[in-house]
Structures are given as C-alpha cells and as structure tokens.
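Asker: Sequence:
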Amino acid sequence: MYAVQLVIGLRGGLDAHRLRDALYAVVMRHPHLAARFSERFDEPVQIVPADPWVPWRYVDVGAEGGAVEDQIERVCAAERAAVCELGDRPVFRAVLIRTGDDEHRFVLTNHHIVMDGWSLPILVGELFASYAGQPLAPAGPYRRFVTWLAGRDAATARAAWAQVLAGVDTPTVVGPPGRSGLGRRAVASCQLPGQLTEAVTELARSCHTTVNIVLHAAYAQLLMGWTGQHDVVFGTTVSGRPVELAGAESMVGLLINTIAVRATATATTTTAGLLDQLHHAHHHTLDHQHLALSDIHRLTGHEQLFDTLFVYENYPLDTTAALGIDGLAVTGYSTREYNHYPLAIQALPGPALTLRAEYDTEVFDPATIDTLLARFTALLGAMTTNPHTALSCIDVLDPPNTPACTTGATRRCSPRRHPLRPPSRNCSPPR
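This note's numbering applies: residue 1 is where the sequence shown begins, and numbers increase by one.
Please keep in mind that the hints were generated in silico from the structure rather than gathered at the bench. Don't take each hint at face value.
[As the list claims (entries may be wrong)] Have a look at the derived ranges for each label pair, beta carbon to beta carbon:
# : residue 1 : residue 2 : range
1 : L149      : P121      : 34 to 40 Å
2 : E303      : D60       : 43 to 49 Å
3 : G12       : R185      : 31 to 37 Å
4 : W56       : L182      : 36 to 42 Å
5 : W56       : Q195      : 32 to 38 Å
6 : H302      : D101      : 29 to 35 Å
7 : Q195      : C393      : 33 to 39 Å
8 : W56       : Q304      : 20 to 26 Å
Beta carbons are placed, not taken as given, at the ideal position from N, Cα and C, and that holds for glycine.
When you get a sec, could you build the whole thing from the sequences and use the hints?
Answerer: Structure below.
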C-alpha cells in the first residue's frame, strides 16, 4: 500500500475556482490520474473514464475555531484514507484548506498506482502554469512508457538480478515475524551539520561514485550492526525514467520502481571497498531497474527479502512556480509517502542533508528512531574521516566524536545505548 501526499502553503489572493479549473485542465492532460480500478480480476484493472474527473473539496478551518494544525492534519488523514482503497472511485484527490485571510494549504493526495513522487514537481508546474493562463507544451504520453516497459527483455533482467543477489541466505527483516496490518505512522527528522554534508559529497567524489551510494553504504552498515548479519538487503526506489524514452522527463504517472540493494562485508572490508561494491552492483543492474520487485524476491527463493526502505529524494519542488501570479507565493511545502514497510528513511539533499524516518509506532518507539538517526550520522562521520578503515573497527554503538545531528530547531540526536545489536568485531589491522 502506497499513498503520496503533497501539502503546499500559499499566501496571497487565491481564486479557488480558478485553481480548481487549473487542476481539471491538468487532469485532462493526464486522464489516467482519474482512473478507477476493478479488482474483479487477478490484478487491478485500470478503467479511465471518457470524462476525467477527480474529487475536489474546499475546507475553511479558520472559521471553525480550535487548533488549526490539528484540523489540517485531520483533513489530510481523511484524504489519505480515501485513496488507499482501490475501487469504483478516483484515487487522486485535491482539497484546498483556508487557514486565514489570504492563507491556504493546497493538498494533493494519490495512491501510488496512478502517480509517483517524481511526477509531483511536473504536475505542480503544469498546474500553476495553467492557473496563470500560460500555454503548456504537449505532455509526454504515459502510454508510451507502458509500451516501452512491455518491450523489455525480462529474461535478461532476471539474470542480472540473480547474479547480484546470488547466495542471499537470510532476509534482512527488522520488524516482528508474522506481522500483519499497519500501525499508526510517525515521523522523525534529523539534519546533518553542513560540514558533514560537504564531507559526504567529497567522499563520493574521491571514490568516483554518488552521494546516493555513500548513503546506501552507511545504511547497510547500520543494518549490519542492527541485525548482526554481514550480508544485508534493503529496498530503494529509482525514477524509472529511461533516458532513451522520448518525453520520459515530462511524464506524469507511475514510473518509479522499488528495487533491492545488497551489501556484504567481511572483517577486512573498508568503506572504500563497500562503496566500490555498491557502485558496481548499481551499474550491473542499471539497465534492469524496471524489473518488478515481486520478480526480484522470487529470484532468491524468499517471499520477503527486506522490510525497510532507504530513499534519496532528489526531486525538489520548484517553490517559485506560483511567484508573480496575482501576488501569490508559496510559503512552504511538504511531501509524505506512506507505505507498508515498518521503516522508511528518506535523505533530502541540500546544503545540510536531512534524514527523515517514517516508522510504524507498533514496531518502533521514538527513542529507537532517534538512536538510529544518531548512529547513521556517526557512521557517516567515521566513513568520511578515513574511508580505508575496516568497517569492523567502526563502533556503531558509541562512536567517539560523534557529529551533532540536529533534530528540529534545538534538539540534538546523540548516540545512546539501545537494543540495536552490533556485529562481532575484529579490529585487528587488515593484513
């Protein structure tokens, strides 16, 4: 189950009817956003109506009294619940919330089956352009991607993934066995110091890889310390927008895919060695990232390879999109993606890298998540200090000189004892 929700803060003279018409114009460009889904078959069947339409609501919480933010959260929760059940109703919705004089929150919510997070900046750009009466370039038809996907060589893709995942004996699962149902979700965030963010970027450059790979390596080490395993797997998402597909960069729809990331370590594996391992595995599967996650699971003989996600979110929203439109301005925005995994961590790029953990409160408590984020920060500090140190010598429990990880305005995450199991360590210098 996946739901995506975008909340945009708007200030200025907003014409609600004009915004609604702009939304409908964008839906006409991408009619699959208004699709219904029939579950009478083995797989959900998409039904696109001849006259695309999506639900629109206007709510004035400023006139209702009470805590405005609490009311906004209740509205947002209701919107998420409305899109999470497939059936004879749209799974893309919009609500405009008036919070005060010339103050609004515009909330777009959808089930992942019709649109991914990478599509949001495209959709919002088109929406505000339509609101301003600007002409829009022809949209890249989503059908073109579906046709491209159907033409992929599935056998070659399975062979590539089978090679990367060969020998995975034990799934990497941090949630309780036999867990069913979803608990309440909570979010914790942590901002890295700017100096550490720069060091992560420099490490990626010096090792001829990407910041994403560096973050994957740190998360893999965290999982190794957590589970006691030296062969771990976790999920990540890829944009799914092939460079060879014309118009892919402007398509709105579900192109994103979840794939597996595997990391192994021995007593002598160094940070540089792990980065090289992950870099080569990434390039080995780069042309095969379209393979369905269910197929990837089956290749290993396990029903579930992992139950955590780590995602590098590098699709920032253009907050200037509404500037100059009748004095309208974007005051802020937030995106949240809700899924069935008990833990999903997002890394948000910027001058100071932000880590955002969304978790199931029936599986984790806030102290565990704070500890996890602090240790992740400490691991990055150790990795950037000396990438040629053996991973087995990095203390994931109480590393010295831990870089401060600021949560919110004043709170700081600091490592502390918690039942996140460390692996056995052999800190003898590698021969």
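Asker: Mind checking the hinted window 31 to 37 Å against the Cβ distance between G12 and R185?
Answerer: 32 Å, holds
Asker: Range hint 29 to 35 Å: satisfied by the CB atoms of H302 and D101?
Answerer: Because 56 Å falls outside the window, the suggested range is violated.
Asker: Tell me if the beta carbons of W56 and Q304 are separated by a distance inside 20 to 26 Å.
Answerer: 38 Å, violated
Asker: Taking the beta carbons of L149 and P121, is their distance inside 34 to 40 Å?
Answerer: Violated - the Cβ-Cβ distance for L149 and P121, about 22 Å, lies outside 34 to 40 Å.
Asker: Could you tell me whether the CB distance from W56 to L182 stays inside 36 to 42 Å?
Answerer: With Cβ atoms ~28 Å apart, the hint is violated.
Asker: Between the beta carbons of W56 and Q195, is the distance compatible with 32 to 38 Å?
Answerer: 46 Å, violated
Asker: Using the C-beta atoms of Q195 and C393, is the stated range 33 to 39 Å upheld?
Answerer: 23 Å, violated
Asker: CB of E303 to CB of D60, is that within 43 to 49 Å?
Answerer: Hint holds: Cβ distance 48 Å, inside 43 to 49 Å.
In this structure, the earlier hints numbered 1, 4, 5, 6, 7, 8 are contradicted, and the remaining ones agree with it.
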